[in-house]
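J.: If you follow the hints, you should be able to join the two separate chains into one complex; please do so.
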Amino acid sequence: MIAELGHFALVLAFAIAIAQTVLSFWGARALDVRLIDMGRTAAVTQFLFFGMGFAFLTMAYVGSDFSVKNVWENSHSTQPLLYKFTSVWGNHEGSMLLWVVILSLFGALVAVFGNNVPASLRALVVSVQGLITSVFALFLLVTSNPFIRLDPAPIEGQDLNPILQDLGLAIHPPMLYLGYVGFSVAFSFAIAALIDGRIDAAWARWVRPWTLIAWIFLTLGIAMGSYWAYYELGWGGWWFWDPVENASFMPWLAGTALLHSAIVMEKRDALKVWTILLAILTFSLSLLGAFLVRSGILTSVHSFASDPERGLFILMILFGFIGGALTLFAWRGPQLSQGGLFQPISREGALVFNNLFISAATIAVLTGTLYPLALEAINGSKISVGAPFFNITFGPLMVPLLIAIPFGPLMTWKRGDLLAVAQRLMFVFGLVIVVTLAFVAFHDGGPVLAPIGIGLSVWLVAGSLVDLWERSKLGKVPFSTSVARLTGLPRSVWGTTFGHMGMGVALLGIVYVSAFEIETVLVMKPGETTQIAGFDVKYNGIREESGPNYSQVIGTFVISIDGQQRSILEPAKRIYQARQVPTTEAARYGSPSELYISIGDFQKDEGIVVRIYYKPLIQLIWIGCIFMAFGGAISLTDRRLRVGAPKRARAKQAMAG
Amino acid sequence: MTRKQKRLSMIVAAGMVLALAVGLILWALNDQIVFFNSPSDITEQKVKVGQRIRLGGLVEDDSIVRGEGTTIVFSVTDNANSIKVSYTGILPDLFREGQGVVTEGSLQADGVFLADTVLAKHDENYMPREVADTLKEKGYWQGDKTK
Chain A
8 MIAELGHFAL VLAFAIAIAQ TVLSFWGARA LDVRLIDMGR TAAVTQFLFF GMGFAFLTMA
68 YVGSDFSVKN VWENSHSTQP LLYKFTSVWG NHEGSMLLWV VILSLFGALV AVFGNNVPAS
128 LRALVVSVQG LITSVFALFL LVTSNPFIRL DPAPIEGQDL NPILQDLGLA IHPPMLYLGY
188 VGFSVAFSFA IAALIDGRID AAWARWVRPW TLIAWIFLTL GIAMGSYWAY YELGWGGWWF
248 WDPVENASFM PWLAGTALLH SAIVMEKRDA LKVWTILLAI LTFSLSLLGA FLVRSGILTS
308 VHSFASDPER GLFILMILFG FIGGALTLFA WRGPQLSQGG LFQPISREGA LVFNNLFISA
368 ATIAVLTGTL YPLALEAING SKISVGAPFF NITFGPLMVP LLIAIPFGPL MTWKRGDLLA
428 VAQRLMFVFG LVIVVTLAFV AFHDGGPVLA PIGIGLSVWL VAGSLVDLWE RSKLGKVPFS
488 TSVARLTGLP RSVWGTTFGH MGMGVALLGI VYVSAFEIET VLVMKPGETT QIAGFDVKYN
548 GIREESGPNY SQVIGTFVIS IDGQQRSILE PAKRIYQARQ VPTTEAARYG SPSELYISIG
608 DFQKDEGIVV RIYYKPLIQL IWIGCIFMAF GGAISLTDRR LRVGAPKRAR AKQAMAG
Chain B
3 MTRKQKRLSM IVAAGMVLAL AVGLILWALN DQIVFFNSPS DITEQKVKVG QRIRLGGLVE
63 DDSIVRGEGT TIVFSVTDNA NSIKVSYTGI LPDLFREGQG VVTEGSLQAD GVFLADTVLA
123 KHDENYMPRE VADTLKEKGY WQGDKTK
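Line order of the protein sequences matches chains A and B. Just so we're aligned, residue 8 is where the first sequence starts under the working numbering, counting upward by one. Just so we're aligned, residue 3 is where the second sequence starts under the working numbering, counting upward by one.
Chain B with its partners taken away, still in its complex shape (with noise of 0.2 Å):
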């Protein structure tokens, strides 16, 4: 082989590398993303019903069922609506009513959230950007309670 044909067969085997990794990432982002909603988002029925989907706000204050068993029920609010959530396991350390959260599953026939994931943040200060730019966007923002 010529240095040119070389040269171009390198080229020909990294673009090729590149052609897989791209194909790969179009066809994830198309599959596996999953989009944030608002309570407010799923009683405007925005939501399909079984979607996999991220649901954040606040945890509304007197709404959490514990201490039955090991599926806790709750309610997220985003202060203008809210929904009812229910989820099997153990919740993280911070998670407490009033506080923000997020959680990850999809949503029942019968309206209830059905969350496989919870996350609440490592720092109590902390609100989930999203969180905070939903209540924001209802006007019940509260100042910035970030460090």
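Isolated chain A (complex conformation) (with noise of 0.2 Å):
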């Protein structure tokens, strides 16, 4: 019954999407009150019910039935139940429902929060949502449908893919979807406001925290895949420039160029078209990664299963959506008015330059992701583009845009003096140089270019502080008076300061790993003993072990530094038991640099093949990225976020009252 149920529970919330779009399109255009009011109702009652389809496929994974096909493929009698609940969304047809699921919250949530905004926007919103909740859940129900009966039963499941049996799987997708579902709504909004006509400042203000949360999330669940892969993998590596985690990079990207370009629609007026446009190229990019992850046209770690129909299904999509929302950009675009002028050199300026090289880098990780799907089909030539073409594509754009960071905060709006910011930025330019020179000073070897990648994460860091510090008058003013000062700040300067240093962070992460890691493959028998950065390792032999799903053998290491013993490290290699498929497990020791021991073949005389990493700093990486959130959950508590704009209809109700 309870697949049964799920199944009927998705058909309902698909009818309800589709009322939900044309009672609020209806409502929003004939300005009927009642036309929105029910069509806010249908957005709540349609995210229930996906939810209840949604609950029941978990419930259907967590009692083992067997007879659902999707849960016979994906799990097994035996996993831990953190597993069952989590091989939920480890596979197609379950991932897709979750983003279904997402997408229907994200319409639920603008149909009860968005008070501040005006209704008939609002209903178009919810409308806009309702299409892309609908067209989807159209998708899910015909061509993957999770709750497809087996009959006869079968006994037993053919498990959870081993190398999603980590708890990684139970933090990295929903957050992913979280973040890039998330960006639906700042295309909603565009969509709405392209069809209303009407696009000012406040539109920018209603669809600032909507994009920062999606931000936020997009964020987190990337470095969290970036960490997830490192540990799981074994091959010791954070970032592969693979075609799926591009995927998911360029719409944080792109994401990212909204949140800047946004401020300056709400402050200044201006640069609407391009946020608008931007709105719209953020969740289409969205889609594009749906489209090249479950298509099964990518060559690619992440293997979601091929089939032509979905693929040209999603393809139908990603045209119909993109396509009409372009085609509506271009119509209505040019009637936009004329925002507010400004210089050059200004705040405004600096988050044009933002654009600028964040757009541009965004076109070459396309192009890297794009071309060799392009080329098949023209000419039939089979070639991969891998890091060395990121690297010297996306590097270079990247390095003017970090370099201007500070500058941007510290500059004032309308015309700004680029000779007093800098002389401002003069002190930390000084640090940056002392640091950089103190560097190849004590430090021998490394690539050239590391001194300079460390000076400008310095740069970074310190930069984004500046702000901070003279808004504070710290050492000018009695502590008490700085302390007052920093703590009445809006939110959203510590945010940005936030945001900008995690940057910085994660970039002295990226430089040091990438310039200064140690890797060594050698064959070690039980009792021998090897070097590396300063740490001794000592093999001590293996051992066999069951866990509860899997067999596994873990080798012994003891780590010390000068005869101290500081740690026992004791990588494995698994089996499990369902798939017979063997899983590397990597261990590793230090914080933030990190000893990373994975083992491999055995040899025919009792040695084993291991594989030590020494990573410097590697985990500022995710450190970093931490912090980028952690600046936009701040950013999130701005007062003027909640408060709204002022509007003309609630003062004349006042008046009248």
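Quick caveat, the hints were computed from the structure, so don't treat them as lab data. Bear in mind the structure is a predicted one, so any value in this text is a computation, not a measurement. Check the hints yourself; a few may be wrong.
Taking lysine-lysine and the DSBU-like style, the derived pairs with C-alpha atoms no more than 35 Å apart in a straight line are [claimed, not checked]: (1) A:K532 x B:K86; (2) A:K421 x A:K483; (3) A:K483 x A:K274; (4) B:K86 x B:K50; (5) A:K532 x A:K545; (6) A:K274 x B:K86; (7) B:K6 x A:K421; (8) A:K611 x A:K532; (9) A:K274 x A:K480; (10) B:K8 x A:K274; (11) B:K8 x A:K389; (12) B:K48 x A:K389; (13) A:K483 x A:K545; (14) B:K86 x A:K611; (15) A:K389 x B:K6; (16) A:K421 x A:K480; (17) A:K274 x A:K389; (18) B:K48 x B:K86; (19) B:K8 x A:K421.
T.: What follows is the structure, encoded as structure tokens:
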């Protein structure tokens, strides 16, 4: 029954989503409050039904109901409970359901919490959100129904892909989806504004918190994915420029640009056309990502089942939404009024600079991702575009942006003074020179670019703090006054500082680990010791153990420095019984620099192949991302986003009352 | 500056950044892309010695020599021809005989392919698409194994 109920809930939700789309649109055009309210109720109801469908699928998984094909394919009765839960989205059908649930969640949130938005605009947003949800729900029901039954029912399931049996699966996909599905709200707002034909500074203020929420989750989701790949795959890599990673990275880049251009629009009523376009493009890149991941046209570490029918369906969705949105944009965009004026050297100018370079970098990533597909379609040759391509295109385009970051928040609106800002950054610049020179003097070897990269990260971290430093007047006024000044600052100033600082922290990790990591692969016999980066690593042999649904061979390594034991690392090789698939479990020691050990083949003579990495400062990469997300979260609590723009209607009511 | 001049300067700046991006992309595409080849391409001498390529196919049965130090030797086949591959390091978990594999590296003068990267996929049923296409081309495709 559970599967049938789940299926029924999805069909109902699909029908309600269509009703939501139609009623809200009609209500917005006819300015009929009853229709608008019905649309809102529909938005909430359809979320409840999608959530119910999701709950039923989860129940089938937790109860190991292998008569449901999807459960049989991806679960096993001996799986630990946590992985029975996470298995729900560890496959195409289940993750598509999660995608739709999140889509409808955002629709419902706008319907419930968008109180500061004018009713007709909000109804249009709810309508567009409903349209997106219903199209994806149709896709789910027609091509990827997770509730299909098997007859006769198998006794045992096929188990979840062992590589996914990790806490990472519990966190990474939901975060990522909250992120790039969340950009659908910005998209819906853009479409609604284009239909409405009125776009002003208030629009940017309404759309900003939604974009921020999505951006925060996407930042954490990408960071989590990178960390997961790093510890789970046993290669010690944290970013592969894999097409599917790019698929989530491109919406992040565009979303970052959108956050910045929306500031200009909100404060200065400028860049309106561009901001609307960015909102459309950001979600379009999310859709492109969904297509790339799920159509099977890419060779990638993320292998979802390839099914031409699904690919074609998503391609149609992709063309429908992007084509429709851009057509609407081309038709309505030119009618938008011109915004505020500004000089090229100004806060607005700095934000335009940001947008220019991020857009260029996005184009580079997009080209690298799609070029192999295009080339194969044109002349059949098969190529791969890997890290070297992205390093020499994305890298140089990021450098000017990173250099410019500390300047931005110090610029004044409308007309800035570059020289004055440079003077205020003089101290930071001096610090950068000192650190860079000291690094060159005291650190032997390494690439020439490393000290420059380190200088750049110091520039970012220290430069981001200048704004806070100056505003607090630390040292110039009594300390308590400084503290009061700091706590009284708008939260968005703190958000900016943390966000930019996080960028610097992550950059430091990236530069350091890229330039100075040490890798060694060797054969070790029990009792042998090897040295790496000042650590003595002694191999003590192996032992065998069995877990709930796997058996494993564990190697024991004693880590010591100067004869003092620091830690015992136990990397393992597991065999999962159901699929007879091996996985590598790396073991790590240290923070923020890590020693990373994974084991490989057994030798004929008791020896074992051991791969040891020293990864200096690697954790800073993810810590930096957490900083960025934290900055976003602080920004989200800024007063102006909660209070909203004053509304004339309310003022009139107040006068009448 | 008038409004017109400002807009012009904005367009010029955008054009310059875009040109920089396009320049970098073209340069990188010229230099940094890696072609995918099958073992037959190598035996037919379509691949130059020392040129960086990806070689894909199936890991030939009984061809893996492992357990003797850190270097592993195996053969990659498209069922028509096979090429010996030498790799130093730890192979991915799903590397095994009869499995689709993609390796990256360059052909040595002695005919051995020296790989520095070996990719096998996360999913044991998954066949790298390039490998599947190669097999189809050679007429050795045995049904769709992908789920």
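J.: Each of the hints needs a verdict: does it hold here or not?
T.: So, going through the hints one by one against the coordinates:
1. A:K532 x B:K86: 28 Å, holds
2. A:K421 x A:K483: 29 Å, holds
3. A:K483 x A:K274: 30 Å, holds
4. B:K86 x B:K50: 16 Å, holds
5. A:K532 x A:K545: Cα-Cα ~10 Å, so holds.
6. A:K274 x B:K86: 64 Å, violated
7. B:K6 x A:K421: 16 Å, holds
8. A:K611 x A:K532: 11 Å, holds
9. A:K274 x A:K480: 25 Å, holds
10. B:K8 x A:K274: 19 Å, holds
11. B:K8 x A:K389: 45 Å, violated
12. B:K48 x A:K389: Since the Cα atoms of K48 of chain B and K389 of chain A sit roughly 14 Å apart, the hinted pair holds (cutoff 35 Å).
13. A:K483 x A:K545: With Cα atoms ~56 Å apart, K483 of chain A and K545 of chain A exceed 35 Å; violated.
14. B:K86 x A:K611: 22 Å, holds
15. A:K389 x B:K6: Distance of about 47 Å is beyond 35 Å: violated.
16. A:K421 x A:K480: Since the Cα atoms of K421 of chain A and K480 of chain A sit roughly 25 Å apart, the hinted pair holds (cutoff 35 Å).
17. A:K274 x A:K389: 48 Å, violated
18. B:K48 x B:K86: At roughly 16 Å apart (the allowed maximum being 35 Å), K86 of chain B and K48 of chain B satisfy the hint.
19. B:K8 x A:K421: Given pair K8 of chain B, K421 of chain A holds - Cα atoms ~13 Å apart, limit 35 Å.
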